[in-house]
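A.B. asks: These are the residues of each chain, in order.
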Amino acid sequence: MENEKEGFPKTALREIKILKKLRHENIIELKGTAISSGATYMVFEYMDHDLSDLVFRFGNKFCPAQIKCYMKQLLTGLHYCHVNHVLHRDIKAANLLVNNNGTLKLADFGLARFISNEDRLTNNVTTLNYRPPELLLGSTKYGTAVDMWSVGCVFAELLDGKILFDGKNKSKVQQLCKIFELCGTPDESCWPGITKLPWYDHLKPKKAITRRLHEHFRHLDHHALELLEKMLTLNPAQRISTIDALVSDYFWTDPLPCDPKSLPKYQSSHQFTNLHQLAYRELKRVKRLKEAAKQQSGKDRAQEQAGPSQPMHESQQSIHSGRGHYHGNPGGERGHGSVSHLQHGLGSVSGPSGMPGTDSQGG
Amino acid sequence: MQMSNWNDYEESIEVTFALSDITKLAQNVKVRQRVVATAITYMRRVYISKSLTEYDPRLVAPTCLYLAAKAEESTVQARLLVFYIKKLYPDDTRYRFEIKDILEMEMKILEALNYYLVVFHPYRSLTQFLQDAGMMDLMQFTWGIVNDTYKMDLILIHPPHLIALACIYIASVSKDKDSVAWFEELRVDMNVKNISMEILDFYDSMRNNIDERIGIAFSRLPPRS
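The listed protein sequences derive, respectively, from chains A and B. When the letters of the first sequence are read in order and numbered with my numbering, they come out as residues 1 to 363. When the letters of the second sequence are read in order and numbered with my numbering, they come out as residues 1001 to 1225.
Hints are computed from structural coordinates only; laboratory data are not their basis. Heads up, some of the hints might be wrong.
No more than 30 Å apart at the CA atoms, straight line, and that leaves these computed lysine-lysine pairs for BS3-like [what the hints assert, rightly or not]: (1) A/K72 x A/K61; (2) B/K1050 x A/K20; (3) A/K31 x B/K1100; (4) A/K206 x A/K170.
Partial chain A-side listing against chain B, Cβ under 10 Å, derived [as the list claims (entries may be wrong)]: (5) L13; (6) I18; (7) G32.
Away from chain A, derived, C-beta distances all over 12 Å, residues of chain B [to be verified]: (8) S1020; (9) K1086; (10) K1087; (11) S1125; (12) D1201.
Backbone N, C-alpha and C define an ideal beta-carbon position, used for all residues, glycine too.
Pulled out of the complex, with its shape left as it was, chain B reads as follows:
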């Protein structure tokens, strides 16, 4: 498989699919949402400078989770990850990883990230904003939207507090809450509206049968050497 046969769209779907690995693994090893979010951000950052053929996303995904857990002060043991990878993909030989594979990849990822490990997320400001707006009842709904934004690359582009605001905006509109006055008082720039539009566009595109397309694209990944 030559790189030239790949287009950006497929590549972004590949990454999205591999990111779902992180989520699945995280559910098994039980880490906090913030760790998952950080792991996903690491992975997106890695694939800005590296190509999918260079670093196998099947290995990068668990390694990002491993590193994120460490950086967010809730270490997950490498052998636990290895165990759950085997459990999740019992028959897939492309997922045979040992502890040493993860530890080796960890160093490569640290280099690729240039050791920038601190990631800020929308979650923290979300609580503050909702409290201030008196819309704490929207917490769970908005939280879900924030989780969904990690399927896009918003976190690489926009400041976290604006993402939080955009999610609140979508939540309040779809639940018919009057938040106009509160947003006006905040005097935030147009960016919030643009981010909201991006999120809504993403939800639209999700309606098309994305799983199938992911499956096809992923099957074209080269086998492990």
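If we strip away everything but chain A, and leave its shape as in the complex, we get:
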């Protein structure tokens, strides 16, 4: 914070401003903010999992009613955002948090903002894998449809157990190619105005490809496929809206979306990664002690005895001062400090306010 030239970071301000305004069962609740030694911390309610982790661990075992339940909650939360004129702009499985009551909540509003008709918006939003074609083509005037594309990607991820447009790549060109390969190439007839988008001339498809989304997912139930088709429509003007998606046949035919409370309770993602980390840390500690013991074997005995107490103290400290980061890569930083959250039943704490959203702007 002290290094910030322009005071309180704009993105954090946006996030707080918007979260304070939104109150909904399917949107993460900002419990409060705290300032400590120059950094601002946002305190959220406690959530056990993120959807990306659940897909990673149990992706193939989701039953249709369960997927419908998640999708319904996602669309309900997003609908609430959209009617309140808020664009999320970073919908992805990792930003959808699930607790052990089966409730799904939208999180990470670091890139969200209010819709306005006048302003030009940045096209450098949404994690690349979930980024809609109009943003990849450089559009700066867009609306709620950008979120719906990402919802489509999440939907496919739930159905398929893996990320839909997984460009392990880091470039927009490759991402666009991935999309065209599956969704076909757009032209003026199916997407009027596309040729006027800023980067169309650079990125326009070299040869026409026909849409093969239908063939790719032909094993799916046809209501699911129909909805997916409408979400992954290239032309944003024709893409389905949250409310139309919620009333689509998919949610109103058997099997109906199940009650969130009836969903299986998974072992906490935090605990899961944390146990591994604790075990790993313990191993390292033992190793270090052994090495120390080896080195000191010829030396004073009293010193050796003082050895073990020091690392113990260290690890306790890290549990207390560490931050539970609710998002991030599996096996990344997330585990830190969640032990204390579990014990006290506190919410997870997001990192310093400079952080939100930075991870999703890469590329």
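Once you have looked at the hints, place chain B on chain A.
C.D. replies: Quick look at chain B alone, frame taken from chain A:
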């Protein structure tokens, strides 16, 4: 200067005067009217819970403008504000502020506002209403009245759309436009009339030589420590 020597009236005048700082600064740095309105609302909210002796209004005013500009997506650089404060008050040592003063005050204001940053204003509904009533020719006049309402604390008390309606009511009456049927159709409650009365009372009180009284009250502010 002890707090007990202050009365509410003087305090409200103090705030009004400091608010004019926001307007003056805003004209220099050129921000949208909505930013000014939000900044004024922030400042009024701050002084609900804080006293003038606690937070210097000379610093709170530019900081509110700074924060409002950021929250309304049209950031103004802190150094620009510092520059214009110096330009506006070249000889007044009580207005010597550095960038870091503004940034420090920003945090305090965020706390005082409890991070509630979204403010709705009458401007948006104003256009819709005037269009609906077919009185778009009153736009500029009504807009001016809405701007004036920010010299009062209406925005803290009444919903913005009712303020907009009250302003339209005053504008239509003073320009001899027949708006009775339209208002009846809207079926709004008595509040609109009450708000209109409040605004008119305010205009009345403005006729008395307010500038002089402001000057006296402001000169009694303690010097900066």
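A.B. asks: Each hint needs a verdict: does it hold in this structure or not?
C.D. replies: Comparing the hints with the structure gives:
no. : hint            : result
1   : A/K72 x A/K61   : 18 Å, holds
2   : B/K1050 x A/K20 : 22 Å, holds
3   : A/K31 x B/K1100 : 29 Å, holds
4   : A/K206 x A/K170 : 20 Å, holds
5   : L13             : 6 Å, holds
6   : I18             : 8 Å, holds
7   : G32             : 9 Å, holds
8   : S1020           : 24 Å, holds
9   : K1086           : 19 Å, holds
10  : K1087           : 21 Å, holds
11  : S1125           : 14 Å, holds
12  : D1201           : 33 Å, holds
Consistency with the previously given hints is maintained throughout, with no hint failing.
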